[in-house]
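> Taking the hints into account, I'd like the entire structure generated from these sequences.
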Amino acid sequence: MAYGTFLVFVGFAFVFVIGGVVVNYLLMPYKPSKGKYTTYECGIDPIGSAQIRYSMRFYVFALMYVVFAVEAVFLLPWAVVYKRMSGLMPLIEVLIFIFILVLGLAFAWKKGELKWD
Amino acid sequence: MELIKELFYNSGKPLGELYTWAHGIWAGWGAPPFLLDLIFQIIIGVAVALVVVLNALWIIYYDRKLSALMQIRKGPNRVGPLGLLQTIADTVKLMIKEDINPKAIDVLSFWVAPLIIFVPTFAVFLVLPFGKGLIPADLNIGILYVIAITGLTVIGILAAGWGSNNKYSLIGGLRSAAQIVSYEIPMMLVILSVVLLSGSMKMSDIVAAQANYKWFVIPQIIGFIVFLIVGNAEINRAPFDLPEAESELVAGFNTEYSAMKFAFFYLAEYTNLFLTSAIGATLFLGGWEGPFLPPIVWFFIKTYFVVTILMWIRWTFPRIRVDHLMEFSWKYMLPIALLNLVITAIVIKLV
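If you read the sequences in order, they're chains A and B.
The first sequence: position 46 = 46 (the working numbering), numbered continuously.
With the second sequence counted from 1, adding 1000 to any position gets you the working numbering.
Treat each hint with caution, since some may be false.
Below, a list of computed lysine-lysine pairs in the DSBU-like style, where the Cα atoms sit at most 35 angstroms apart [to be verified]: (1) A:K36 / B:K1103; (2) A:K36 / B:K1097; (3) B:K1093 / A:K34; (4) B:K1349 / A:K83; (5) B:K1331 / A:K115; (6) B:K1093 / A:K31; (7) A:K31 / B:K1097; (8) B:K1065 / A:K36; (9) A:K83 / B:K1214; (10) A:K83 / B:K1331; (11) B:K1331 / A:K110; (12) B:K1103 / A:K31; (13) B:K1093 / A:K36; (14) B:K1331 / B:K1349; (15) B:K1065 / B:K1214; (16) A:K34 / B:K1103; (17) A:K111 / B:K1331; (18) A:K34 / B:K1097.
These aren't lab readings, by the way, just hints derived from the structure by calculation.
As structure tokens, then:
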């Protein structure tokens, strides 16, 4: 039932967007002219394509994101059961886990990977 | 009448009761039960679509009026009383505008981007608890679902930036993607601290854990502040609006978009503002809980309280520099959020 509702929601959003664009196409005027369909670049003709190689930094940050996102996924089940678990073991284990993570962050920081230049 | 009263002041689970009652009658007719389920789901979908549209109409007007107030000017005041119909006029205008697709675009990613951005935004409403029992689907992974689904928006932004084949769009899209993924980490850690306190990811359980006004904003005050800053960055609003910094990037990833496709970017942006505030209100401010007024009214009051804070931040601080932006997330927000998580864990065990 719950995930059925999810599918209905996604379907609804699709219909919403596509319907909006279809209505737009039914109502809109169509007056083509040469300048209208050029890419905007401050009013002058665009120089070259924009689909070019870009800064490496974006890739490094995406990689950092993957590392920390996986770590957060590991922490989630722990966070859910944490209150119900007795003893200090769950706390100590997670402290070790987070300590290793912080070491990784410190390493990246030291290497200057967190700097945007 | 009784039903409406139940829906708003609900003591039990009105939607659930209505559901069981309708199923009883449906079974009496001998019709297959899954059809009724589908009808129910479509009704919920229509209701949520109405909430999205009406809320966006209002929130855009509210944003413009509040920013006018903060800058000592009048804001929209021509269309309708107090300018209330301004947003509707804007929507109609966008609807009858010519949709311009430049020649240089990458057709598939250009067309699919508004869809990828809007669909997750809409899907997040699935787990928003508007009131007790008033939740489209109370998934047991609740808040994890929110994180997962909102993460999809990045793909749409990248598709828009790349597909436009415009330098401003490309830089705007890449910056936006880098910013959203960087600020996603502190966001997750803050949400983890809340999950630690509530012991469940289910939205209704998180609200129930804050019953009797033990709102998480008090034990998690640092978490709440981090949430506000990070949430503001996630939805690309000033002072973190570098992806669409007007003075350098025209309009960022949606520079080349026009008419209805642009309208969906705009709608998604303001719906995201509402969603971030609603999730903040649910996680930290006790959700729909409050005295005298119906739960759904409290939910909207708290949500708009957070919206107002975010708008206040927007008009108070100047835009920060792009290198500061990334370092701010990784060097300040992430360690603070991690520390907050560890302290929360220690306090839960030792107290």
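> With reference to the structure, classify each hint as holding or not holding.
Now for the hints, and whether the structure bears them out:
| no. | hint | verdict |
| --- | --- | --- |
| 1 | A:K36 / B:K1103 | 9 angstroms, holds |
| 2 | A:K36 / B:K1097 | 14 angstroms, holds |
| 3 | B:K1093 / A:K34 | 24 angstroms, holds |
| 4 | B:K1349 / A:K83 | 8 angstroms, holds |
| 5 | B:K1331 / A:K115 | 9 angstroms, holds |
| 6 | B:K1093 / A:K31 | 17 angstroms, holds |
| 7 | A:K31 / B:K1097 | 11 angstroms, holds |
| 8 | B:K1065 / A:K36 | 33 angstroms, holds |
| 9 | A:K83 / B:K1214 | 17 angstroms, holds |
| 10 | A:K83 / B:K1331 | 30 angstroms, holds |
| 11 | B:K1331 / A:K110 | 11 angstroms, holds |
| 12 | B:K1103 / A:K31 | 15 angstroms, holds |
| 13 | B:K1093 / A:K36 | 19 angstroms, holds |
| 14 | B:K1331 / B:K1349 | 28 angstroms, holds |
| 15 | B:K1065 / B:K1214 | 34 angstroms, holds |
| 16 | A:K34 / B:K1103 | 10 angstroms, holds |
| 17 | A:K111 / B:K1331 | 13 angstroms, holds |
| 18 | A:K34 / B:K1097 | 18 angstroms, holds |
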